[in-house]
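Chain A is already provided as a structure; the job is to place chain B on it using the hints.
Chains A and B, in that order, give the protein sequences. Numbering-wise (our numbering), the first sequence opens with residue 32 and increments by one. Numbering-wise (our numbering), the second sequence opens with residue 32 and increments by one.
Treat the hints as calculated values from the structure; they're not laboratory data. Treat the hints loosely; a few may be bogus.
If several chains are the same, the list does not tell them apart, and a pair holds so long as it fits within one copy or across any two.
Only pairs whose alpha carbons sit at most 25 Å apart, straight line, appear in this in silico DSS-like list of lysine-lysine [stated by the list, open to error]:
no., residue 1, residue 2
1, K141, K75
2, K153, K141
3, K176, K153
4, K168, K153
5, K75, K168
6, K168, K77
Everything numeric in this text was worked out from a predicted model, so none of it was measured.
Chain residues, written in single-letter form:
Protein chains: 2
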Amino acid sequence: MQKPLLVIGNKNYSSWSLRAWLMLKHAKVEFDELRIPLFVPGAKQKLLEISPAGMVPVYCEGELLVWDTLAIGEYLYETHHALWPADRAARARARSVSAEMHSGFVPLRKAMPMNIRALGRKVTSSAELEANIARIKTIWSELRKQYAAAGPWLFGQYSIADAMFAPVVFRFLTYGVSEHGAVDDYLLTVSRDPLIQPWLDASALEQEVIAASEVGRENKQ
Amino acid sequence: MQKPLLVIGNKNYSSWSLRAWLMLKHAKVEFDELRIPLFVPGAKQKLLEISPAGMVPVYCEGELLVWDTLAIGEYLYETHHALWPADRAARARARSVSAEMHSGFVPLRKAMPMNIRALGRKVTSSAELEANIARIKTIWSELRKQYAAAGPWLFGQYSIADAMFAPVVFRFLTYGVSEHGAVDDYLLTVSRDPLIQPWLDASALEQEVIAASEVGRENKQ
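Looking at chain A on its own, in the form it has when it is part of the complex (with noise of 0.2 Å):
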């Protein structure tokens, strides 16, 4: 039988790409990647051609397209019985704090662009901003307080929460967001999950730069 298949954009800039890219990775899914680097002259057409929505991710299995990051993620969570908390409070719980990264922190995501192998950026603050890092600090730490004794991941054991805020990780490394406590902690438990190891060295290796996401002064210590 023919492998699914995950479209994915840039590995060093496409943040959607790796929610869901780590979400298969964690369900144990075998699949294959189309890789589609963006922001050039016929990457929208290539995945229009793809998927309707023209956005990356793109899950493809036999005749069935699942083409946002979510719904892959509820699509696994059926198939495959993984990657949702067992208890049902918990698992309303994720699903909370996941949608509110899908829909949220724009000022974040906007001032604070995924570019995994840039180190040592400062990037001007504002309120806005301070405003998502502490409630993302927040998140963290009440999840992390509440399910240490159960695994080092939000939930304890691997969930959809944390390929949701996978990227965000990567952004506090780059742009040098870092708390003493559960939240360097937990910058730690994403960055050294070995599944990820292979994306962060594909990211290392790409040659394309994505100028609008190369933001940030290098941070002269």
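Chain B only, in chain A's frame:
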């Protein structure tokens, strides 16, 4: 047993509140409402006392808080076995279009804020806005064509996808977006839904005016 509580914003303006409220109504949940008028002094503080994300809607059932519209939908799907199509592939597609609405269509959401009681408005067009409108028309038309025999909603029977697009219906009515055929039929299906009528009546009676949502010039015919 105490009824669940749905915390919402202004009925005339709060598109996310409308979505969650419709899901509850169509899932036949008996619930109480707490309306917190938005963008007035103290509103954010009131919300933060209820929910850590500080946003509407919030669904409260005993100790359980669910604070995002999609997460509320998935919770209702689990507890009431309603609101997503029964077929797995259709469900994946319904989740894809719902998530596309959840995280996207930003130009449309900015240029055409929901303002249910306003009619006959025109806003300045843009390529991004037109692309959003075209994509939504395509989603509705293709789904209505495919599921016409199964019922009047996007996937035949009512689903979360219909709740997700309901505010877009009222945007189209306010700012004069229409298209003969499936699009106009769907505008009528949603706006004449018997379950939505109390919300529309309440919108008309609300006294608060949110200036930022009062956009567009009067459309002189």
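Evaluation of the provided hints:
Taking the shortest Cα distances, K141 and K75 sit within 25 Å of each other both inside one copy (21 Å) and across copies (23 Å). Proximity of K153 and K141 under a CA criterion of 25 Å is satisfied intra-copy only: 14 Å inside one chain copy versus 29 Å between copies. In this assembly of identical chains, the alpha carbons of K176 and K153 never lie at most 25 Å apart, being 29 Å within a copy and 51 Å across copies at closest. In this assembly of identical chains, K168 and K153 lie within 25 Å of each other by CA distance solely inside one copy; the values are 18 Å within and 42 Å between copies.
Within a single copy, K75 and K168 get their C-alpha atoms only as close as 35 Å, which misses the 25 Å cut-off; across copies the closest is 20 Å, which meets it. In the homo-oligomer, the alpha carbons of K168 and K77 lie at most 25 Å apart only across protomers (22 Å), although the nearest pairing inside one protomer, at 38 Å, exceeds that limit.
Going through the hint list in order, the structure does not satisfy hint 3, though it satisfies all others.
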